[in-house]
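S.K.: The primary structure of each chain is shown beneath.
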Amino acid sequence: MSDLRSTLANAGVPRRRWRWVAAAVAVVVIAGIVVAVVRGGGSGEATAAGQPVRGGTLQFALIDYQRSPDPQWGTNYAESLIGNNITDKLTWQDPATGEITPWLAQSWEYNSDLTEFTFHLRRDVTFSDGSPFDAEVVKANFDQYVHGDPALGILPNGASLLRGYRETQVLDPYTVKISFAQPLASFLQASSFTANAQPGFLSLSTLKLSADQRTDPTKVIGTGPFVYESWEPQVKTVLARRAGYHWSPPALHHEGEAYLDKVVFNTIPEASVRTGSLVSGTVDATLDVGTTDEKPLADQGFQIIHRGVSGTAIYFAFNSSLFPTNDIAVRKAIQLGWDRQAIEKTILTPSYSIAKSILEPSVPGFADYSGSVLRYDPEQARRLLDHAGWVPGADGIRVKDGRKLTVKLLGISNLVVNKPAYESVQQDLREIGIDLQLTVVPIPDYTAQQAKAKTDWNVTAANRSRNDPAALTLQFGPSAGNSTYLSADSTGVDVNEVAQVLGKLETTLDPATRNAYAKQAQDILLEKYALVNPVYNPSQVIAHAPSVHGIVFDAQSRNHFVDAWKNPGN
Amino acid sequence: MLRYVAGKAGRAVFVVWAAFTLTFILLYVLPANPVDLLFDPAEVNSVPPEVKAAVAESYGFTEPVLVQYLDRLGHAVRGDFGTSAQTGASVASSIAGVLPATLGLAVGALALALVIAFVIALVATAARQRWLRNLVESLPTASVSIPVFLSGILLLQIFAFRLGWFPAFGERGWQSLVLPLVTLAIPVSGPIAQLLVRSFATEFRSGYVTTSWAKGATRARIIVGDVFRNASLPALTIAAVTFGSLMVNAVIVETVFARKGLGRMTQTAINTLDLPLVQGIVVFVAAAFALINLVVDLVYPLLDPRLRATLAVAGGRGTR
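For the record, the sequence lines run as chains A and B. The numbering of the first sequence is this note's numbering, which starts it at 1 and goes up by one. The numbering of the second sequence is this note's numbering, which starts it at 1001 and goes up by one.
Here chain B stands alone, though its shape is the one from the complex (with noise of 0.2 Å):
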């Protein structure tokens, strides 16, 4: 069981260190000179060169690359990536900075997309009606193929510019929170529906719910008592890629509704290609992946017996 802790949680360290490398790389050693990108790019030839080489230098970009990836990687284990080139403010705090915004986006966007997913699932489960069931079962297909920006601009014309229910941009409570959350809800419950559809009917037409039926059991007490439970446990397996999809789609939902949080900042980020600030976002958002992936490793075997039952044996016999 030790074993098996250490394993996964020295693949977790491993991706993350390979993250920060990677964008070391790409950053810092394949394109521009990272002191020209500090300047307006209409004067960055004006700017005389010992200017240029001062700025390096107070950057360290004039040690060589080994001893900037060394030193960097020590401050970066310390959560320290320097400062942001393009606001001068730390990285971290940056970071820290945008988290709870982009946190609570995306814990009720996952919320949301839950109960969308359930009710998805639950109502192609439990309709009796060809017609209901196969409109139903299409829907998480096509909450994944309505583009984002769309359903995000479509929202906004209709509740903020039409209706004037809620506002259009920026942060002004609850009000702000509905239709960036709904926006990102859509997609993020596509492939949760379409497992739990896929699980909930396999789980509907197994022994014990026949069983269930034979004592007399109502479709609901079934669908909830029996299905619910360990149809849902599939759903845990693909968190990474809901995390991942909130994730990508948060860049988007946080630009269309002017909001702050880590998407938008990772946007402009690399479209100024401000390097400490991609850098950490980078190491960030690879660390967020692998502690959800190590929480799932390790959580599994505590919800499902037979895996718990493996995991033992194989302990036991000292193999692997």
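Same shape as in the complex, but just chain A (with noise of 0.2 Å):
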């Protein structure tokens, strides 16, 4: 800061400035701004349905990525959806009924006992590598899906979906027999499944590749309406319409090969970037579509397709064995102390609703509480708390013996309504007394504290996804899931009851019967020893632009396009 210095700068001739350039740039970016502003984006399609149309790509968008192509490996709805576009399964559930259907078995018989199934396979079926799908092809299947294979790193994904598999016998070269140590009824429909780590039937040549070598998507071979083409994990995975595909399930009517010559998938993160693709015409479709977009895209005259996700709704699963959740009538109370209409006006959009049982209304087998336990009846909540000698403590919270009764809920975040929904709930408890607290977190936080649950959590929140009422034996059967924590210490529950109870949904696939039991199971769940407390029936929301049609939502509500197409020029 020299004087001899500002003299001497100062000296020179001044030179154009840098503000004309500042101001040029400045005017550019306001006008860029201006234009966007002023060309609103909105798409105006004529919704022209009629005849379906051959060719195109349908561009879909989605949260989640495949972290595999494999098929049978996967637990997030990417990796299910895309695994039944690329692989068939034996058997095709009517997502309207339940009912069984053929697929890539044309029939079936099974023994009294439902400890073997026979499945007599169609003939005229083959890999897109051009091997047959045969008997050998599906016991080679079902024994990997079962036990995995450690030497190639594959997991067995399916040990759970068939408990106690015994063996596949191949009787002849289209015909299996699927043979089970205990009665497994509902293996009929886990012949269907197409959720989470799904029987999809890969090549035998797929079957001798190491995880590591089938996360090459062209060494993936399915009988599947559509064959990969390629898949890059967090990007996007590319189906091509397999040629010569005739085998779709005949209940979906479609004749021949897909309609579409290409599926993406492209892998959107976030909420606004998925939904302002579909504005703009990027894509075609988007699934993933939060509560708040609803309306808005309907508006726009996107439409708004959906299907609630079968098998559990999103419940409470109490645990029995720890206090206060072991007494009955704190877990009568919950069921009966918050406000169901609150939700699904301030919370839920048209696309999902309040539980009405602990299954979901397409399940086989549902019966609806909403008039009995699973109603909002706060007065009779606390009669009962105060008949079990809960009184009003100080803060508000009821005490019993010294000790406050307050209810630790451990949930997931994964769904946008979870939190809010539990939020919902906590503050009507409140009311009658009851503290509850959450703790709502991502999926691995849930499952390592999971480990804890039978001392340390009073709740559990969570769902499960078949279409299936033995999706209650699994769940909460004692030898199985036991999401109740049912053990000597559960208070006035008779275990074996429970179990005998839950246990008889695996026993018959006579529709009536099972319909029976499957009201005894909801009865024993929610009526008689009050073990859950279902909140509401999650769902998947596709918008899609009015030129895409024929999306279809199966039994677990994962999505098939062999049927779908768009009008030309789009």
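These aren't lab readings, by the way, just hints derived from the structure by calculation. Certain hints may be false.
Said to hold, decoys possible - Cβ-Cβ distance ranges computed for the label pairs, FRET-style:
(1) B:D1071 with A:Q437: 50 to 56 Å
(2) A:H387 with B:A1053: 41 to 47 Å
(3) A:D395 with B:L1163: 55 to 61 Å
To be verified - Here are some chain B residues pointing at chain A (derived, C-beta under 7 Å):
(4) F1161
(5) A1168
(6) F1169
(7) T1255
For each residue, glycine too, the CB sits at the ideal point set by N, CA and C.
Grab the two chains, each in its own frame, and use the hints to assemble them into the complex.
M.R.: See the structure below:
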């Protein structure tokens, strides 16, 4: 800052100013923004259904990506959804009726014990590498699916779906007999299973590959309506139409190959980028539509399609061995103590619904409990607690024998509705003197905490995607999932009775008898022992351009694209 | 001199080893049973115990912890971090698979950030108007304060969804790189620009500049010819900070623009508690950090004669 310096500097001739450059840049930027704002998005395409058109590429957006192209492995939606389009199953479950209908198996029979299932396979099915689909392939698939292969790094993905799997016998080139150590009525539905870790058939050449080698998508060979064209983890999976495919489930009434040439599954983690891409026309359809985006998209002319996630509702499973949820009065009071309408009005969209049972309404055997135990009746809840000796404490929270009525809940944050719904329940329960403490965390943290659930958590909140009432056996059976931690410490609960009632679901496939057993199972879980408090039915929601048609939701609410098509020129 | 190099290199190796050991302790010893994490959380309770035992066995989780540690360390030294629990692919190849994408993004963003930083510093130094100087000098602070998430979404809304100039997601040639580059360069340029503005100002007022004035040099000539060279050197010292900033913000940029890359893989690996992959990434990033610091330490004496002289004297005397 010497004077000499300033004098010297100022002695020069003034040069052109930076100011003009800065001003010019500013003008350009502002003009750009103005143009951008004025030129609003929005697509006004005509809705012309009519005859399906062949050809075209469907650009689809979703939040997840496949961590591996292997369809038998996978715990996220992208994995099961894409797996369903490159592989087929033995049977197809009608999403509307729950009926098991033919697919790769034309017919089947089972013994009276439901320990042996014989399937007669179609003879005209081939893998995309030309190899035949036959009994040997089915056996090789089920063996690896259930047992895994440590040498290849393949996990026992099907071990929990096919509990007690004994073996698959090849009776003739197109007949297999699958046997189990104990009755497994739900196996028939499992043969159509389309959700996580699904039994989609892979070629013998694929089954020989290690987990690492299966990350080459061109080597993962199925019989499905599409084949892998490419797989880029974190970015996208591209499927191409399988030439010569003509064995889609008869129940779908689709003839021949898929209509679309290609389906591109674009992974877009950000919700606003998914909707922005749909509105700007970059993608034709997007899954994982947020509850707040549904209405604006519908108002802009996009179509919202959805299906409830079949299986159980999102439920609170009460720990029946741990204070204070070992008290049936507390469990019943929680069932009665929260306002279902409030959640329906403020949190859920029409794509979702309040739980009326532990089962989702589309599951065969569903019964409605909204008029009985699953209703909002705070007065009755208070009476139950008063009777059981819970008296209101100074802070409004009830107390019994000097111990507070504090209920600790462990939940998963993966669905956007979960936390707000639980918070609404929490508020209502506080009114009747129950302090529900919420810990709602991402999946791995949940899994980590779950290991300590028997001793640390009163409530675990989760759901299970399986369109069969035996989901209850798997999830709540004392010798299976035992989510309510039934034990000798479970005050007032006859554990053997629960085991027996839930177990019966695996012993019959007669629809009427099975529905009766399903009713008994729901009765005992909801009414008799109040072991669960179902909250709401989650949903899979897709928004798509009006030019898109024929996206199928299957029985597990996964999507199939064999019947999907686009209006030409879009 | 040799001692200096060995000391710096030894420190780098120690950092990498410490990163490995810490992640091992944090990941393998503290939290849940790693076997449980391989299954769907809704199903984990209904997986038969014998199946879990078999899986634990095949992953080596049943060995004593010390044996597991030494085994993993032995493999890690050879660059083998095992296989990702979530994909079955080897950790090394998983990282190698996404590295080019992140490197491209990071190098491009760094270059752009440097350009932005130098422009800011030059304008701030050259500007004679107080208001312009003040405005420009406040830019670095602003660039660090805007959340990357927000600037990314904003750029997308304007240039991808409204104007349609650039693709909104994925990888489609150079066009898909423009918005992520700009988004990532903004926060990275901040600290560099701040440092440069300060050292430009310092150099601009030093004696040799006055000499140049006196010799009749123009303002532009002084800035480019004299100040620029001397003032740029300090930017090297924050190379590691810049690298850290690039990595952290890459996670967000890669997520917003749905790009593949190391940042997003890190996020997924942590979210799914993919232990081998998390460890591989942590060690890799630590190694990169250590390497950058090492290179800076080694290059600095080459650039700065004063430091070289000090080292030579110290080496000659045989003291530390």
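S.K.: Indicate whether the distance between the beta carbons of D1071 (chain B) and Q437 (chain A) respects the range 50 to 56 Å.
M.R.: violated (41 Å)
S.K.: How about T1255 (chain B): closest beta carbon in chain A under 7 Å, or not?
M.R.: holds (5 Å)
S.K.: Have a go at the F1161 (chain B) hint: is there a Cβ in chain A nearer than 7 Å to its own Cβ?
M.R.: holds (4 Å)
S.K.: Taking the least C-beta to C-beta distance, is A1168 (chain B) closer than 7 Å to chain A?
M.R.: holds (5 Å)
S.K.: At the C-beta level, are H387 (chain A) and A1053 (chain B) separated by a distance inside 41 to 47 Å?
M.R.: For H387 (chain A) and A1053 (chain B) the Cβ distance comes to about 46 Å; the hint holds.
S.K.: A closest beta-carbon separation below 7 Å is what the hint needs, so does F1169 (chain B) meet it against chain A?
M.R.: holds (5 Å)
S.K.: Okay, D395 (chain A) versus L1163 (chain B) on CB: inside 55 to 61 Å?
M.R.: The hinted range 55 to 61 Å holds for D395 (chain A) and L1163 (chain B), with Cβ atoms some 57 Å apart.
Going down the numbered hints, you'll see the structure goes against just number 1.
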